[in-house]
Amino acid sequence: MKTIYLDHAATTAVDGTVLKEMLPYFSRRFGNASTLYTLGHESREAVERARKQIAKLINAEPNEIFFTSGGTESDNTALKGAFLANAGKKHIITTKIEHPAILQTCKWIEKQGGRVTYLHVDANGIVNPQSVANAIGEDTLLVSIMHANNEIGTIQPIEEIARICREKKVMFHTDAVQTFGKIPIDVKKMNIDMLSASSHKIYGPKGTGILFKRNKIWIDALMHGGGQERGLRSGTENVAGIVGFGKAAEIAMQKMKSEGEREKKLRDKIINGLLKIPKSRLNGHPTKRLPGNVNISFEGIEGESMVLMLNEKGICSSTGSACSTGSLEPSHVLLAIGMTHEQAHGSLRLTLGRETSAKDVGYVLKAVPEIVDKLRSMSATWRE
Amino acid sequence: MEKIEYSKKVMQHFLHPKHFGEIKDADAVGEAGNIKCGDIMHLYIKVADGKISDAKFKTLGCAAAIASSDVMCELVIGKTIEKASKVTNKDIVDYLGVLPTLKLHCSVLGMETLHDALKKLRK
Ligand SMILES: Cc1ncc(COP(=O)(O)O)c(C=O)c1O
Ligand SMILES: [Zn+2]
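The listed protein sequences derive, respectively, from chains H and G. Position in the first sequence counted from 1, then plus 3, gives you my numbering. Position in the second sequence counted from 1, then plus 22, gives you my numbering.
Treat the hints loosely; a few may be bogus.
As the list claims (entries may be wrong) - List of simulated lysine-lysine pairs, DSSO-like, C-alpha gap at most 30 Å: (1) H:Lys191 <-> H:Lys209; (2) H:Lys291 <-> H:Lys279; (3) H:Lys369 <-> G:Lys30; (4) H:Lys362 <-> H:Lys258; (5) H:Lys5 <-> G:Lys30; (6) H:Lys291 <-> H:Lys268; (7) G:Lys46 <-> H:Lys282; (8) G:Lys112 <-> G:Lys31; (9) G:Lys40 <-> H:Lys282; (10) H:Lys171 <-> H:Lys99; (11) H:Lys55 <-> H:Lys219; (12) H:Lys377 <-> G:Lys40; (13) G:Lys101 <-> G:Lys46; (14) H:Lys282 <-> H:Lys268; (15) H:Lys377 <-> G:Lys31; (16) H:Lys5 <-> G:Lys31; (17) H:Lys272 <-> H:Lys369; (18) H:Lys369 <-> G:Lys31; (19) G:Lys40 <-> G:Lys142; (20) G:Lys40 <-> H:Lys5; (21) H:Lys192 <-> H:Lys260; (22) G:Lys108 <-> G:Lys68; (23) H:Lys291 <-> H:Lys171; (24) G:Lys40 <-> G:Lys145; (25) H:Lys260 <-> H:Lys59; (26) H:Lys377 <-> H:Lys272; (27) H:Lys377 <-> G:Lys68; (28) G:Lys30 <-> H:Lys377; (29) G:Lys31 <-> H:Lys316; (30) G:Lys105 <-> G:Lys73; (31) G:Lys108 <-> G:Lys31; (32) H:Lys316 <-> G:Lys40; (33) G:Lys112 <-> H:Lys377; (34) H:Lys191 <-> H:Lys171; (35) G:Lys30 <-> H:Lys316; (36) G:Lys40 <-> H:Lys369; (37) H:Lys171 <-> H:Lys92; (38) G:Lys68 <-> G:Lys141; (39) G:Lys46 <-> H:Lys377.
Source of the hints: derived by calculation from the structure; they are not laboratory data.
Using the sequences and the accompanying hints, generate a full structural model.
Structure below.
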């Protein structure tokens, strides 16, 4: 059976060209990038080339890019690093729909004596920039708002929010793990102070990410040691991973426009097709939405059952149902946009990527209604 | 976060349940819902000569809830009311072999629905 992978928001396969670029750095070019001989220089050059490739994608300077182990570490570094470096200011503003890498870090900061405001979002998952302005106070250190949400795909008005932060002299960080390489980002034009991105969401290897940090912004390091990454992130560089991330960023930049348009068409085809199923609803914003994100709830059925039945048909998907989160609480994102437990329970997320074809979409539009019908025929609450 | 992985037996009962549906002239209909997980189960039972002659379920829920519902029907069909009232969620889990710890409450749902049905039967 063919696998139809529709969980690109979770991770992606490493692109063939990316892998080819990486391979020599595992063996022949194994040098430590901090050494003086040619072998080490080659690694250093490879790392710096990747830094440029990544900087270019978001219009940053190469020396504003710091390599990390991924999105989670970048988020932790941005928030904890800012908190630790600025003893006087203790207030952080974020939203209720952030990724756990931000939310759990905020919980930790609260335990250290920090104060965190978790802003509401509207029914489409959008943060009102005015609510950010209203929340900023004397001791506000940092505002951290994700560029796009990983579950419902809603894209935030971060340019507007960042402008407010710049005016009020408050740092602005964005978790761009879901948008980096997918929709345009210009850190200069958008007044972004810090930004997190991850390689494995853009067809690069897992375990590599970046924190973009403007040179004027001061934060503490979390890793102390040999002083790599200009002291912000000690530890011998993951050269192969970094090389892969750089190449993945370069390819993403070339493909962004055409691939975004292609995925958007397929996305809307799936959305329109699945909304023909009675008692279904789209979660997230209809247009301010990641090109590859579909998130729909079906009344009367439960998401984990859907995911497992789709798996039987070779389709990889995900859900925000309590039964699958491992915590017996439905997705915090779906609850934050005002959905009932039951609606959140019946949610299905499909995230498209480069290898998703029109044929795959046709298959999905046949498979999902069949499964919804089958589960509804077994459901205690469904009445025709 | 604990990983949820189902055994072959659970998947078999989830993907191919034998006992789903309604009994139009049921002698009792048990209902239970698990607020935590959100699963809701209805159990229809038919009694003849003091024994449960048929049982069917309708469940809104995860794979564990659907598999537990199916197994519960399997376990009570042919039993006397007396014997059926002694069926617990442990029997359901034993029949399935294993259930992920996080999913044990979904089997409790099966037991609660059964007890509700039997209570209504006695009335
Ligand atoms: C919005 C968002 N932030 C952070 C992360 C964490 O990134 P990583 O897996 O690279 O640690 C993810 C990935 O799941 C994400 O979607
Ligand atoms: Zn359940």
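So, going through the hints one by one against the coordinates:
no.: 1; hint: H:Lys191 <-> H:Lys209; result: 28 Å, holds
no.: 2; hint: H:Lys291 <-> H:Lys279; result: 21 Å, holds
no.: 3; hint: H:Lys369 <-> G:Lys30; result: 26 Å, holds
no.: 4; hint: H:Lys362 <-> H:Lys258; result: 21 Å, holds
no.: 5; hint: H:Lys5 <-> G:Lys30; result: 21 Å, holds
no.: 6; hint: H:Lys291 <-> H:Lys268; result: 14 Å, holds
no.: 7; hint: G:Lys46 <-> H:Lys282; result: 26 Å, holds
no.: 8; hint: G:Lys112 <-> G:Lys31; result: 16 Å, holds
no.: 9; hint: G:Lys40 <-> H:Lys282; result: 27 Å, holds
no.: 10; hint: H:Lys171 <-> H:Lys99; result: 22 Å, holds
no.: 11; hint: H:Lys55 <-> H:Lys219; result: 19 Å, holds
no.: 12; hint: H:Lys377 <-> G:Lys40; result: 13 Å, holds
no.: 13; hint: G:Lys101 <-> G:Lys46; result: 21 Å, holds
no.: 14; hint: H:Lys282 <-> H:Lys268; result: 23 Å, holds
no.: 15; hint: H:Lys377 <-> G:Lys31; result: 20 Å, holds
no.: 16; hint: H:Lys5 <-> G:Lys31; result: 24 Å, holds
no.: 17; hint: H:Lys272 <-> H:Lys369; result: 12 Å, holds
no.: 18; hint: H:Lys369 <-> G:Lys31; result: 27 Å, holds
no.: 19; hint: G:Lys40 <-> G:Lys142; result: 24 Å, holds
no.: 20; hint: G:Lys40 <-> H:Lys5; result: 28 Å, holds
no.: 21; hint: H:Lys192 <-> H:Lys260; result: 19 Å, holds
no.: 22; hint: G:Lys108 <-> G:Lys68; result: 18 Å, holds
no.: 23; hint: H:Lys291 <-> H:Lys171; result: 26 Å, holds
no.: 24; hint: G:Lys40 <-> G:Lys145; result: 29 Å, holds
no.: 25; hint: H:Lys260 <-> H:Lys59; result: 15 Å, holds
no.: 26; hint: H:Lys377 <-> H:Lys272; result: 23 Å, holds
no.: 27; hint: H:Lys377 <-> G:Lys68; result: 24 Å, holds
no.: 28; hint: G:Lys30 <-> H:Lys377; result: 20 Å, holds
no.: 29; hint: G:Lys31 <-> H:Lys316; result: 19 Å, holds
no.: 30; hint: G:Lys105 <-> G:Lys73; result: 9 Å, holds
no.: 31; hint: G:Lys108 <-> G:Lys31; result: 23 Å, holds
no.: 32; hint: H:Lys316 <-> G:Lys40; result: 20 Å, holds
no.: 33; hint: G:Lys112 <-> H:Lys377; result: 28 Å, holds
no.: 34; hint: H:Lys191 <-> H:Lys171; result: 17 Å, holds
no.: 35; hint: G:Lys30 <-> H:Lys316; result: 17 Å, holds
no.: 36; hint: G:Lys40 <-> H:Lys369; result: 25 Å, holds
no.: 37; hint: H:Lys171 <-> H:Lys92; result: 14 Å, holds
no.: 38; hint: G:Lys68 <-> G:Lys141; result: 14 Å, holds
no.: 39; hint: G:Lys46 <-> H:Lys377; result: 20 Å, holds
Checked against the numbered hints above, the structure breaks none of them.
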